[in-house]
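A.B. asks: The chain contents come next:
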Amino acid sequence: MLSSIPIQSDVLNPVESTFDDFELTDIVFSKLRPDTLYKADTNIVLVNIGRLNRAGIAEQINIINQYKPKVIGIDAAFRTPKSLEGDTALAHAMARVDNLVLVSGVHQFNKETNQYDTLETSHPMFTLHGTTGFANLIVESDDYYKSCRSFSPKENVRGHTELAFPVKVAQVYQPSIIKRFLQRDNAYEYINYRGNFTSGSFYAVDVAEVFDPEWDGSFLKDKIVLMGYMGENFQSRTLEDKLYTPLNENYVGKAHPDMYGVVVHANSISMILREEYINDAPTVIEIVIAVVLCFLNVVLFTLIMNHFGDWYDSLTIIWQLMQTCIIMYVVVALFYMFNLKINLTLALAAVLLSSNALELYYHIVLRMYNRTHFIKFVSNKSKKQVT
Amino acid sequence: MKIITLLLVVYTSLCQAVFAQSTTSPQEYVFKVLASSGSNSVARGSAATDWKSLKTGQKITKEDKIKLAPDSFLGLVHKSGRTLELKTPGTFSASELATKLATSQATFNQKYVDFMINEITKAEKEDVNKNRHSNMGIEGKVERGEYEIVARMPAAKPTHTFSDQVLLKWNKLPGTRSYKINVLDMFDEVLYSATTADTMFTLDLSQATLRKESSYLVAISSIDRPSATFEKYSIAKVSPEDALTINKKLAQLKEGKEETSVSKLLQASFFEENNLLLDAMKAYEEAIKLQPSVEDYKTAYQQFLDRNNFQK
Numbered sequence: 001m002l003s004s005i006p007i008q009s010d011v012l013n014p015v016e017s018t019f020d021d022f023e024l025t026d027i028v029f030s031k032l033r034p035d036t037l038y039k040a041d042t043n044i045v046l047v048n049i050g051r052l053n054r055a056g057i058a059e060q061i062n063i064i065n066q067y068k069p070k071v072i073g074i075d076a077a078f079r080t081p082k083s084l085e086g087d088t089a090l091a092h093a094m095a096r097v098d099n100l101v102l103v104s105g106v107h108q109f110n111k112e113t114n115q116y117d118t119l120e121t122s123h124p125m126f127t128l129h130g131t132t133g134f135a136n137l138i139v140e141s142d143d144y145y146k147s148c149r150s151f152s153p154k155e156n157v158r159g160h161t162e163l164a165f166p167v168k169v170a171q172v173y174q175p176s177i178i179k180r181f182l183q184r185d186n187a188y189e190y191i192n193y194r195g196n197f198t199s200g201s202f203y204a205v206d207v208a209e210v211f212d213p214e215w216d217g218s219f220l221k222d223k224i225v226l227m228g229y230m231g232e233n234f235q236s237r238t239l240e241d242k243l244y245t246p247l248n249e250n251y252v253g254k255a256h257p258d259m260y261g262v263v264v265h266a267n268s269i270s271m272i273l274r275e276e277y278i279n280d281a282p283t284v285i286e287i288v289i290a291v292v293l294c295f296l297n298v299v300l301f302t303l304i305m306n307h308f309g310d311w312y313d314s315l316t317i318i319w320q321l322m323q324t325c326i327i328m329y330v331v332v333a334l335f336y337m338f339n340l341k342i343n344l345t346l347a348l349a350a351v352l353l354s355s356n357a358l359e360l361y362y363h364i365v366l367r368m369y370n371r372t373h374f375i376k377f378v379s380n381k382s383k384k385q386v387t
Numbered sequence: 001m002k003i004i005t006l007l008l009v010v011y012t013s014l015c016q017a018v019f020a021q022s023t024t025s026p027q028e029y030v031f032k033v034l035a036s037s038g039s040n041s042v043a044r045g046s047a048a049t050d051w052k053s054l055k056t057g058q059k060i061t062k063e064d065k066i067k068l069a070p071d072s073f074l075g076l077v078h079k080s081g082r083t084l085e086l087k088t089p090g091t092f093s094a095s096e097l098a099t100k101l102a103t104s105q106a107t108f109n110q111k112y113v114d115f116m117i118n119e120i121t122k123a124e125k126e127d128v129n130k131n132r133h134s135n136m137g138i139e140g141k142v143e144r145g146e147y148e149i150v151a152r153m154p155a156a157k158p159t160h161t162f163s164d165q166v167l168l169k170w171n172k173l174p175g176t177r178s179y180k181i182n183v184l185d186m187f188d189e190v191l192y193s194a195t196t197a198d199t200m201f202t203l204d205l206s207q208a209t210l211r212k213e214s215s216y217l218v219a220i221s222s223i224d225r226p227s228a229t230f231e232k233y234s235i236a237k238v239s240p241e242d243a244l245t246i247n248k249k250l251a252q253l254k255e256g257k258e259e260t261s262v263s264k265l266l267q268a269s270f271f272e273e274n275n276l277l278l279d280a281m282k283a284y285e286e287a288i289k290l291q292p293s294v295e296d297y298k299t300a301y302q303q304f305l306d307r308n309n310f311q312k
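In order, the protein sequences belong to chains B and H.
Take the first sequence: its letters are residues 1 to 387, numbered as in full-length UniProt numbering.
Take the second sequence: its letters are residues 1 to 312, numbered as in full-length UniProt numbering.
If we strip away everything but chain B, and leave its shape as in the complex, we get (with noise of 0.2 Å):
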């Protein structure tokens, strides 16, 4: 909102670059919401495949299989054969699992027929175990800098509708709530992100304790088990697949990746099964709110000018910038109780701007008109005269 008002100005680049990237929003996941707000989404549970090759994450499907989960996601491409030994592997562990949703890649947009024309999958040989759905997230310029808040349910590609991946995966889950969620029919949805696994939001388990011969991984059964790379281990820190989040605790100014790529799908799922969806306001109540702002900042500035005139400028800066402020809390409030973003950039445009307007009207425009009036008036007068 505030990267929205037009001003240039060089003093302000700090402060410009400090903000970029930067919703009032963002406040909200990285400040506002308590982390207790929401427990462990237990539908959910990630496996860390860490650096596995082909042939162990074959391994560890089949280990997971065991326990029956209700569906499995894998978070990991497989586009070309590579070692027959590991590839075999793979198919037949994939061809054990009764629901498995593997990820594909929307790529190039083709504007004249409003759908992509490529769409990347893994390998037949996989694919044919299970469905897909695509990996892509909505980031700014494709900036791994940006943070990532929103993805796009569904796309079409070359006369095909393809499912996200975590709307896919909550599909096969649970097919009632997806129906609803598609009926929304938005382009695009916010992700109202519960939390990251480091901070207890998703039960995750590390590439060694699945293959540790005492685990037990009984609690997956009838689970969401989504396999995806989250480091070598959980202790070791890399920035491969990672993305920035409105959680990042910097959400002012630069910081680092927060979120793995996997951890960012399991939000979208747990947000699509909670059905706690953010909801954009209407642009009609914006509007409207703007008109009313401006019209009762008008009448206020009226009886201040006529009232209290040497006290003006004085009196309508201070009420605006507590105005600002007030909308400020308003946009912040309105996300955190009810989950509804709402742009009042018009509004906060219309209050800023209230002031000069109405001085510009008093002592430019009506004195121009009564100037023109009085012209008119006098030069009427003198024909009628001269008649």
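Since the hints were made in silico from the structure, they are not lab data.
Heads up, the beta-carbon is just placed ideally off N, CA and C, and yes, glycines get one too.
A hint or two may mislead.
[Said to hold, decoys possible] Straight-line Cα separation of at most 27 Å, DSS-like style, residue types lysine-lysine; simulated pairs:
#, chain 1, residue 1, chain 2, residue 2
1, B, K111, H, K130
2, H, K87, B, K341
3, B, K146, H, K52
4, B, K82, H, K172
5, B, K146, H, K298
6, B, K68, B, K39
7, H, K237, H, K212
8, H, K62, H, K52
9, B, K31, H, K237
10, B, K179, H, K130
11, B, K82, H, K52
12, H, K130, B, K146
13, B, K82, H, K157
14, B, K154, H, K130
15, B, K341, B, K39
16, B, K82, H, K180
17, H, K298, B, K31
18, B, K82, H, K169
19, H, K130, H, K100
[Unchecked claim] Computed beta-carbon distance windows for the label pairs:
#, chain 1, residue 1, chain 2, residue 2, range
20, H, D198, B, P124, 36 to 42 Å
21, B, F234, H, S234, 54 to 60 Å
22, B, R184, H, K87, 53 to 59 Å
23, H, T88, B, Q235, 27 to 33 Å
24, H, G45, B, L340, 39 to 45 Å
25, B, E276, H, P70, 40 to 46 Å
26, H, D198, B, P175, 47 to 53 Å
27, B, Q183, H, K180, 57 to 63 Å
28, B, E85, H, T209, 32 to 38 Å
29, B, T113, H, I223, 28 to 34 Å
30, H, P174, B, S218, 25 to 31 Å
31, H, E255, B, V332, 49 to 55 Å
32, B, L32, H, K87, 35 to 41 Å
33, B, H123, H, P174, 20 to 26 Å
Position chain H against the provided structure of chain B, taking the given hints into account.
C.D. replies: What follows is chain H alone, placed relative to chain B:
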């Protein structure tokens, strides 16, 4: 005018009162923060005592004071393009730091400074969701690709190198204690061979057996697991004419400066601009080796790898 004043007040109050995470100054800056590690802070104005956290990309004016906490690091770039690293804990006056830097002309690297800072704090303004199709290039997934041993190489082939010392890096293959590096000519004749237990190796192209060639194929295999698949990577030296031009520009970039992590970072952006991605990668690695605790360097390095489609 009143609107501008009002907006300034709004912005300033937002920064100071609401978020307290950023500071502004209307004065001309003398330094920009290129990298910051640890609890570093800045006080605005010579008499100021209000210390605020220092951020990457922030501008420092000559009246400001900088405080470096123990075990911290600060990489600064002077407005002239010269670089400065602070490692010793203490309080420093920006004007004194600026005076210490020699005033010789070093504007050539200003654009690389700007590039690096922009990479860390660049601005984009568009409705990302309404234009979602042009913002869906990032996929939250990993590849488990064709080969078991994958070297850190850009997708574009062949990869050109300016330096004779080529850094090769690859993934650790389970069950492998040592790796074999074979350098072949275009007819698959082995020109050079070496073994290492590490997952990185510096290949010296100036040695007698390799010096005469201008392009090479590099293969990295596992000695313990010979069946593990690997790719052959094509590396080519830049032409002597190009090397001369690059050498000249690089000398200008390095002029009068000792090799620090910050200068390595600037060299990395210079190499990247000249499509010398292996040289850029080496410069990033060197910068990180010099200052391993600076997370900004690691982030910038990862963005570089992603930006240039390096294989993982």
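A.B. asks: A separate judgement is required for each hint: does it hold in the structure or not?
C.D. replies: How the hints compare with the structure:
1. K111(B) with K130(H): 14 Å, holds
2. K87(H) with K341(B): The given pair, whose Cα atoms are some 44 Å apart, is violated under the 27 Å limit.
3. K146(B) with K52(H): Cα-Cα ~24 Å, so holds.
4. K82(B) with K172(H): Holds, at about 17 Å.
5. K146(B) with K298(H): Roughly 16 Å separates the two Cα atoms, so the pair holds.
6. K68(B) with K39(B): 24 Å, holds
7. K237(H) with K212(H): 11 Å, holds
8. K62(H) with K52(H): 16 Å, holds
9. K31(B) with K237(H): 51 Å, violated
10. K179(B) with K130(H): Distance of about 24 Å is within 27 Å: holds.
11. K82(B) with K52(H): The hint is violated at about 54 Å.
12. K130(H) with K146(B): It holds: about 16 Å lies between the C-alpha atoms, which stays within 27 Å.
13. K82(B) with K157(H): Holds, at about 21 Å.
14. K154(B) with K130(H): 14 Å, holds
15. K341(B) with K39(B): Since the Cα atoms of K341(B) and K39(B) sit roughly 24 Å apart, the hinted pair holds (cutoff 27 Å).
16. K82(B) with K180(H): 21 Å, holds
17. K298(H) with K31(B): The hint holds at about 26 Å.
18. K82(B) with K169(H): With Cα atoms ~21 Å apart, K82(B) and K169(H) stay inside 27 Å; holds.
19. K130(H) with K100(H): 50 Å, violated
20. D198(H) with P124(B): 36 to 42 Å: Given a distance of about 38 Å, which is inside 36 to 42 Å, the answer is holds.
21. F234(B) with S234(H): 54 to 60 Å: Violated, since F234(B) and S234(H) (Cβ atoms, about 37 Å apart) do not stay within the stated range.
22. R184(B) with K87(H): 53 to 59 Å: Because 54 Å falls inside the window, the suggested range holds.
23. T88(H) with Q235(B): 27 to 33 Å: 32 Å, holds
24. G45(H) with L340(B): 39 to 45 Å: The hinted range 39 to 45 Å holds for G45(H) and L340(B), with Cβ atoms some 42 Å apart.
25. E276(B) with P70(H): 40 to 46 Å: 45 Å Cβ-Cβ, so the 40 to 46 Å window holds.
26. D198(H) with P175(B): 47 to 53 Å: 51 Å, holds
27. Q183(B) with K180(H): 57 to 63 Å: 59 Å, holds
28. E85(B) with T209(H): 32 to 38 Å: 36 Å, holds
29. T113(B) with I223(H): 28 to 34 Å: The hinted range 28 to 34 Å is violated for T113(B) and I223(H), with Cβ atoms some 52 Å apart.
30. P174(H) with S218(B): 25 to 31 Å: 28 Å, holds
31. E255(H) with V332(B): 49 to 55 Å: Cβ of E255(H) to Cβ of V332(B): about 50 Å, so the range 49 to 55 Å holds.
32. L32(B) with K87(H): 35 to 41 Å: 37 Å, holds
33. H123(B) with P174(H): 20 to 26 Å: For H123(B) and P174(H) the Cβ distance comes to about 22 Å; the hint holds.
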